[in-house]
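With chain B held as given, fit chain P onto it using these hints.
Given next are the chains, with one letter for each unit.
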Amino acid sequence: MKPLEIDNLSKNFGGLQALNSVSFSVLSGEIVGIIGPNGAGKTTLFNCISGFLPFDSGAVTLFGRSVKGRKPYQIVNLGLTRTWQLVKPFFGMKVMEAMMIPSFCHRAAKRHDSKKKVRESVLRILEEMGLGEKIWEDVDKLNQGELRLLDIARALVTFPKILLLDEPFSGLSQKEIENITTVARRLNAQGLPVVIIEHRLRELMKLIEKVVVISFGRKIAEGTPEAIVKNENVIKAYLGERRSRIGLA
Amino acid sequence: MNLHKETRLLYKNQSPFGWAMIVAMALFALLSENIFYVEVIKIAAIYAIFAMSWDILTGYTHEVNFGFAFFIGGAGYLSGILNSIFSFSPLIAIPLAALAAGASGIFIGYLTLRLKGPYFSMATLAFASILFKLSFIFYEITGGEEGISGLDVFSDDPTKDFFVAWAVMLAVFIVLTLYAQSKHGIILKAIRADEDATQSAGINTAYYKIEAFAISGFMAGVGGGVFAHSQMHIGPTMLSGYISIIVVLLAMIGGMGSIVGPLFGAIALTILNEYLRVVEEYRIVIYTGILILLIYIAPEGLFNLKFVRKSRILTFILLGERRPL
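As they're listed, the protein sequences go chains B and P.
Residue numbers 1 to 249, in the working numbering, belong to the letters of the first sequence in order.
Residue numbers 1 to 325, in the working numbering, belong to the letters of the second sequence in order.
Heads up, some of the hints might be wrong.
Claimed, not checked - In silico EDC-like cross-links for lysine to aspartate or glutamate, where the CA-CA straight-line distance does not exceed 20 Å:
{"id": "1", "chain 1": "P", "residue 1": "K310", "chain 2": "B", "residue 2": "D138"}
{"id": "2", "chain 1": "B", "residue 1": "K68", "chain 2": "P", "residue 2": "D196"}
{"id": "3", "chain 1": "B", "residue 1": "K134", "chain 2": "B", "residue 2": "E120"}
{"id": "4", "chain 1": "P", "residue 1": "K116", "chain 2": "P", "residue 2": "E211"}
{"id": "5", "chain 1": "P", "residue 1": "K5", "chain 2": "B", "residue 2": "E5"}
Derived from the structure by calculation, the hints contain no laboratory data.
Looking at chain B on its own, in the form it has when it is part of the complex (with noise of 0.2 Å):
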């Protein structure tokens, strides 16, 4: 069963149309990368998978299940968890109290069978993160690059099959993206398929297996990233009528 699978998802804003008959799937241990010029839906793509957005047509399945009609907060119980664009920390809280939140679902509720068990996972994944020392720091004095890998903690404790990044990079440092590389890699590594937007194409190319290039709403291309940078309508998209050479070293 694939972990996930999109069919002709559309989806309109009015007489925009955001989406058109999209389609990819996502196969068990796959990591993908997802990219596109600004505004070509990548978001909203997201955002319709999590249940953020209702789509018009077409149908998104999670391990057989279709996700139409569910409520964001019942497709991260279905194995599905999403980290944003911008960071969304839970300032006013400390590094411990916002990993509590996510173990109250569901989901994670589920699969500890004590109060104990959610404190001692919350440490080995903050420890797996680098985050460890900072377990009683407040959130709001944690940096950037921490506050995305605090988003990633956070997703993690929910127990998710697949994992969807929103522009992890965005904002980063060197060091931190490749912080965020080495989890996501680790990650994938333990059987996690990951599904990553991103505008870094140098950084990302070097993570992913396989890349589908959405542009105005349309998929055009879906590859390994060798063969996308060297697809015409890819680079069509990203640099208009005339060939050049696109973020790849």
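Chain P alone, transformed into the frame defined by chain B:
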């Protein structure tokens, strides 16, 4: 430091100051010979019930409920009607009225679920205004401008009467503190920080908001019922914007989102208001002036002042917070 112990310390707080205040009120009532003073702290205790129950919704989610009179006055009237027309004892009338207030909390919570900021406040204001008007339209039952008088009291002895209000205040304080420190309170704080992020943590945020609304309404309903019977009277003032705004002010000046802050705000300011009766002509002017001054000095409330938050001793005494490490 131990992981489990430290985590409990994060949110299991008991404010020594809050408990001292509650005990002091009881001792004062036992020792005081002056009926007037006992009457004043009884009113203070009832206002504290209102302010604390307002805080569990607004202090924790920051959606300002400007129509709290709906629950206070609504339950007060319902309890009054049950008592005066159907001759229910206050002990049955108040819980029934409070349940009705809680149920309407679910209803209003559901209707206003998607509203945020000023839109939410206006919607709550509208519900309270509707009830205010209805109390005049159905004057045959509600007594119109006069309200309903001659309700049964709890006891003829003012001290015993005070202790009824005091016991209810204590119960509301304990229940709301436990609620705020449970997973429910932590989730409400998360919704305040970021509702989308809370949803993508797998939490049904709508449910928790409606639940907080219902509990807030129920507790206010208990307070409204106690108020009506201890005054032997319920009038349209308790449904008016005046009472809604007073509750907002008392809780905000005390310090929203801490339960004990609104408790302190309500008690201190109610006593101050009564004390100012020595200069009756200027009372309202001085009282409102002080409220404005306090909002100016401490816009987030006395318990959330910067120097309080920065001092370990003060945060422990006032809020009971024991910061780890």
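Outcome of the hint check:
1. K310/P / D138/B: Given that 20 Å is the threshold and the Cα spacing comes to 13 Å, the pair holds.
2. K68/B / D196/P: Holds: K68/B and D196/P sit about 19 Å apart, inside 20 Å.
3. K134/B / E120/B: holds (15 Å)
4. K116/P / E211/P: holds (17 Å)
5. K5/P / E5/B: violated (44 Å)
Going through the hint list in order, the structure does not satisfy hint 5, though it satisfies all others.
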